[in-house]
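Those protein sequence lines, which keep their order, are chains A and B. Quick note: the first sequence, position 188, residue 188 per the working numbering, numbers continuous. Quick note: the second sequence, position 284, residue 284 per the working numbering, numbers continuous.
Keep in mind that a hint or two might mislead.
What the hints assert, rightly or not - From the derived model, a few chain B residues whose C-beta atoms are all more than 12 angstroms from chain A: (1) E17; (2) Q27; (3) K30; (4) C32; (5) S70; (6) G98; (7) D114; (8) A141; (9) Q271; (10) Q401.
What the hints assert, rightly or not - Straight-line Cα separation of at most 27 angstroms, DSSO-like style, residue types lysine-lysine; simulated pairs: (11) K374/A x K163/B; (12) K338/B x K374/A; (13) K291/A x K374/A; (14) K374/B x K163/A; (15) K288/B x K374/B; (16) K374/B x K338/A; (17) K338/B x K338/A.
To be verified - Covered stretches of chain A (chain B as the covering partner; in silico rule of three or more C-beta atoms under 8 angstroms from a C-beta of chain B): (18) 94-108; (19) 221-229; (20) 309-318.
Rather than coming from a laboratory, the hints here were simulated on the basis of the structure. All values reported here derive from a predicted model rather than from experimental measurement. The beta-carbon is built from N, C-alpha and C at its ideal position, and this holds for glycine as well.
Each chain, written out:
There are 2 protein chains.
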Amino acid sequence: MTRENPSPSNRLLRVDEALARVLERAQPRKPCRLEFTEALQHVLAESVRADIDSPPFDKSLVDGYAVSISDVRTLPATLTVAAEVTAGNLPMVGAGEGRTIRVMTGAPIPAGTDAVVMIEETELLPGPTPMVRIGSRQVVAGQNIMRRAFSYVKDQELLRAGKLLQPADIGLLAETGHAEPLVQPRVRVAILSTGDELVPASARIAAGQIRNSNGPMLQAQVTAAGGVAVPLGIARDEAAALEQAILQGLQSDMLLISGGVSAGVLDLVPQTLQRLGVQQVFHKVNLKPGKPLWFGLLLGTDANKLVFGLPGNPVSSLVCFELFVVPAMMAMMQRAWKRPCLQAELIDPFQQRGDRPTFFPGRVEPNGTRWQVKLLDWRGSADLRTLTEANCLVHFPAGEQKYAGGSPVEVYLLGPLPGDCSLSVAGDELTLA
Amino acid sequence: MTRENPSPSNRLLRVDEALARVLERAQPRKPCRLEFTEALQHVLAESVRADIDSPPFDKSLVDGYAVSISDVRTLPATLTVAAEVTAGNLPMVGAGEGRTIRVMTGAPIPAGTDAVVMIEETELLPGPTPMVRIGSRQVVAGQNIMRRAFSYVKDQELLRAGKLLQPADIGLLAETGHAEPLVQPRVRVAILSTGDELVPASARIAAGQIRNSNGPMLQAQVTAAGGVAVPLGIARDEAAALEQAILQGLQSDMLLISGGVSAGVLDLVPQTLQRLGVQQVFHKVNLKPGKPLWFGLLLGTDANKLVFGLPGNPVSSLVCFELFVVPAMMAMMQRAWKRPCLQAELIDPFQQRGDRPTFFPGRVEPNGTRWQVKLLDWRGSADLRTLTEANCLVHFPAGEQKYAGGSPVEVYLLGPLPGDCSLSVAGDELTLA
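If we strip away everything but chain A, and leave its shape as in the complex, we get (with noise of 0.2 angstroms):
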């Protein structure tokens, strides 16, 4: 996808090399017990075992009435209704011979019955003693009955270790006693902005400076990928303050930076990492935007820290965080993951210029059964405004390529699809919902 390039000592390191190095040090986190009703979308770290056998009786899956088969050969049949069994209650009393008991749906099933006639298929006689008809339709043993154990037994594997948990899950935890299942925990991740010119977002601004952005954004952007996000605010561009801020992210499983990785002189982010123990892995990677990343590693007595030094323009932030930072979040709490991608036709002509692969912040739209993407009217690197309007990163690999309107073009996308219209794929054929 990228050209090699033949000189490997100074040369930058490929994407893929890149994102192999960050991959290899994104262990899974130590499992940890939570509330089930808390375990929603994370990844199960144990096997779950049925503790019971379930149904736990033979139960009655409609509401009706419990007869003894040889009750109703002959029909319409009239019987004694000797008493009522409800949800939650065992039948004290016996049926048969002439005698039925009325069930609730999930009602345990009377001794001496075999079969539950649905109430809609009888009649209940007026009278002194409370009397039955059922009607015309031939009872079959064991009709509207769910045997015990008929769902699974005690001891069987209900939910296999690595799933990542759904609403039936949650509900199945509940229904076996699992309270707090074993689970890979959210991983967190400490957000520090860095940067003098930067105020916090409900500062008046004084002139030469701008609001903390980076900050918010990749907050939101570590909570829509199923993180914790843990912000620290804002560092001065100042060692001892820098080295302050930094120490505390390190308690966090990850540690994104903002700004200062680029080649400036106050760029005291690697100095101040690597000063608190934190080795660099690799800076800057062969990429457009995003080439000034740093990666680095805390190695841990519990588990490693890493720790992302992202390029402080927000196009550059967000194509790292998408390329980098989510893939690594993924495999720390267990979850496979692949990033949803489309092919799209490319509106307008594009130029692609030099030696690295571009994502350029696009906005894909459907065109009949075909996608269609734009490239937005990019203002320059720094500009949040257009990417506001972005749902996709479309990808130009590196080496100087025109591409006519009209080019198939691979896009990464973001987050929802344009008119949060849904994707409907009916056979081989893309449709909207």
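For chain A, the structure is supplied; the task is to place chain B on it using the hints.
The following block gives chain B in isolation, referenced to the frame of chain A:
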């Protein structure tokens, strides 16, 4: 899709009719102000405008040297480094006439300069007075400078009301000082389970009892759909207990009551709801499973409350939630939403019987460029274990029909696709990423 029944007085509502009655009553909640860091995935309820020009000043897009174009017409040129301007500071000295100023990315452009030369294209010369040599690449006026207001001007609309906020939008809210945007709140959904047989997940079960699984499953479903779940636990099948719990549930925007709506004698739910002023809109829908669905409305001074009585068996409950509750939640949050659907090939033959449209739990899997769906080995309507293997509901329209193996069927996606793979569409060909 479903057959018209010619007798309108006692016929059951069709799914589309029932959904229309729900959606007519699912009014958007009153917008509220949220901290911008909490606003991700909420619908913006006001248009957001720029409070300042962006950038607020001419700024450098790179680390380098700000020069006057007249000083660098002939290259290489050697200039005196008069000062250094970092981001967040204002240039205190002028430049031009043989003087240059070192600027950091994001720094304001000093007076007297009209281009920035990247640091990589310069060479710092040692000596008592710092000098810099500008290399051989021609310098163009305005290069590496982003002009004030280039991205947007003060008062320009930046985000339209109705947008579902994504991470870049959160960044833009921060950049423009909208620290408390007006958004559609997440819908609060109370969940009440009814049944004397039910005990909490953490309880040991006695004879005749089962653990409450529907409540936790619904709680997870509400969370997965973007709502705030308000679990109310279990109410006994007894009028006073039910009434108290329902009153509590009516504090939320929506109340889901699990169980107590089928035809049995203990089905107190509809009567209790009506006594509390909740008007029945419909009871029962022509649907399998899920026929006993109850839907009603409490007229409020501020906002109406929606109440769903969901059938007690887990599959019926899931089907009713997906078909009716999710669309109601989306409407109340003003979210444009369509259910993700696929067309797939049925693996095994199926005989559809009766006059109710059926939604059968299935597992859809890729097979080359097509999708195949397996109907799950269904062990009765109360089988939650099978449901944990489902990733879709297969839709069989009403009416007797034999489906041969390989027949095309419509499937409604429930969660992530199998193998946690992503859908990839190349042109009109469907593949897996």
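Now for the hints, and whether the structure bears them out:
no., hint, in the structure
1, E17, "21 angstroms, holds"
2, Q27, "19 angstroms, holds"
3, K30, "22 angstroms, holds"
4, C32, "18 angstroms, holds"
5, S70, "25 angstroms, holds"
6, G98, "22 angstroms, holds"
7, D114, "16 angstroms, holds"
8, A141, "16 angstroms, holds"
9, Q271, "16 angstroms, holds"
10, Q401, "19 angstroms, holds"
11, K374/A x K163/B, "19 angstroms, holds"
12, K338/B x K374/A, "24 angstroms, holds"
13, K291/A x K374/A, "24 angstroms, holds"
14, K374/B x K163/A, "19 angstroms, holds"
15, K288/B x K374/B, "18 angstroms, holds"
16, K374/B x K338/A, "24 angstroms, holds"
17, K338/B x K338/A, "23 angstroms, holds"
18, 94-108, "holds (count 6)"
19, 221-229, "holds (count 3)"
20, 309-318, "holds (count 4)"
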